[in-house]
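Spelled out, the chains give:
Number of protein chains: 2
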Amino acid sequence: MRIPKAISDLVESFEKLPGIGPKSAQRLTFYLLHVPQSQLEEFGDSLANLKKNTVICEICKNIDTISPCQICLDSARDKTTIMVVEAPLDVLAIEKTSRYQGLYHVLHGAINPLENIGPDEIFIEALFQRVGKINGEPEIQEIIIATNPTMEGEATSMYINKKLQNSKTPKLKVTRLGRGIPTGADLEYADETTLREAIEGRREI
Amino acid sequence: MRIPKAISDLVESFEKLPGIGPKSAQRLTFYLLHVPQSQLEEFGDSLANLKKNTVICEICKNIDTISPCQICLDSARDKTTIMVVEAPLDVLAIEKTSRYQGLYHVLHGAINPLENIGPDEIFIEALFQRVGKINGEPEIQEIIIATNPTMEGEATSMYINKKLQNSKTPKLKVTRLGRGIPTGADLEYADETTLREAIEGRREI
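As you go down the protein sequences, you meet chains Z and V in turn.
Residues 2 to 206 (our numbering) are what the first sequence spells out, left to right.
Residues 2 to 206 (our numbering) are what the second sequence spells out, left to right.
So that you can see chain Z by itself, here it is in the shape it has in the complex:
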């Protein structure tokens, strides 16, 4: 039996998404056969409009409807601090905490030699330009490196830190997010590196 092209086309589109294998792609497609045509068209329009109606901010490289983005334009935010993250989703996660009032810099990736992603493939040079630039704007005083605690994230963090140390102004502080045991975790199952970081990073209560 040949599968109708309308079905196999959609299965193929789903299969291209990360974390969706052939079985899930089939399941999603057959599920969609039972939803109203209007919902399918809405979904389709959202896909077609995704990139048309968004833009990468010329300053921080975050994704927004305008450039410079809402955060860069917000005069209430502390323009002397930049938090460096790997992806736009990280910005959302940090914003949800309401504990950070500075600016961001979104790298759109991390250095990963195995996948041929070097510093030039991500928005890393743009970060150094922001640090160097002064023309009337307040000088950057702190860079918080908030890349993921993975091999790639750590490599990226080290690269950024090294570059900044070389061209550093006396005022510039480079920090990274605290490491330790996440809330709700079980000490017994924490890995050695995490425990080591937690001991080193202990704080008075």
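Don't read these hints as lab results, they were simulated from the structure.
A few of these clues could be false.
Put simply, identical chains are the same to the list, so a pair is met inside one copy or across any two.
Claimed, not checked - With a Cα cut of at most 27 Å, we get these calculated DSSO-like pairs of lysine-lysine:
(1) 97 to 17
(2) 53 to 174
(3) 80 to 134
(4) 24 to 174
(5) 97 to 6
(6) 24 to 97
(7) 174 to 17
On the provided structure of chain Z, position chain V as indicated by the hints.
Relative to the frame of chain Z, chain V by itself:
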């Protein structure tokens, strides 16, 4: 920070899919920001065309581009046997085995009182009509009930069997797929019901 509407729209569309939670929906959406516009439009078109370019077969209720479907029209297939399945994906799974040459009947669901799905909500009456109808076509001699071995599937199977026993012609045989230990499984971890079915369904080798 407000999330751009183009992004939240797509996140919402993904969230409506079964098995995709808010986090996965976000992850998929932000992934798609990095794919070419042409791929997004292809995906969107596949969605919009899914239902336009497919039809439910008037005989077996399977999904195809034509009605009656390829399987119902195929003169090489044994028209005296009908396998009853819950979903079009089950047809694909059985077809892949190349061990079945009869026809199908796709219920598009299973009886599930908890979700208010009774016999009238699925294509169950159409099955009885096929069994009763004779006008020139060969008489049905075997109904293989291949609903899932779940509560709902078993209830559906029981309902169909009972109805068929009442209106049964002497020639009509009602069977169900063999139960037992699936290939590659570990006897130690098999549940009691499966083991009981495996013992009852043992075969000479």
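Alpha-carbon proximity context of residue 97 and residue 6, limit 27 Å = between (43 Å within a copy, 18 Å between copies)
Given identical chains, is residue 174 near residue 17, meaning Cα to Cα at most 27 Å, within a copy, between copies, both, or neither?
-> Neither, since 42 Å and 44 Å both go past 27 Å.
Tell me, please, which holds for residue 53 and residue 174 at an alpha-carbon limit of 27 Å: within, between, both or neither?
-> Intra 38 Å, inter 59 Å, cutoff 27 Å: neither.
State whether the alpha carbon distance between residue 97 and residue 17 is at most 27 Å within one copy, between copies, both, or neither.
-> Only across copies: residue 97 and residue 17 sit 23 Å apart there, 30 Å inside one copy, limit 27 Å.
27 Å Cα cut-off: does residue 24 pair with residue 97 within a copy, between copies, both or neither?
-> The answer is between: 14 Å across copies meets 27 Å, while 34 Å in one copy does not.
Pop the pair residue 80 and residue 134 into one bin, within, between, both or neither, using alpha-carbon distances up to 27 Å.
-> Result: close within a single copy only, 13 Å intra versus 78 Å inter.
At most 27 Å between C-alpha atoms: does residue 24 with residue 174 qualify within a copy, between copies, both, or neither?
-> neither (49 Å within a copy, 33 Å between copies)
Hint check: violations occur at hints 2, 4 and 7; the rest are consistent with the structure.
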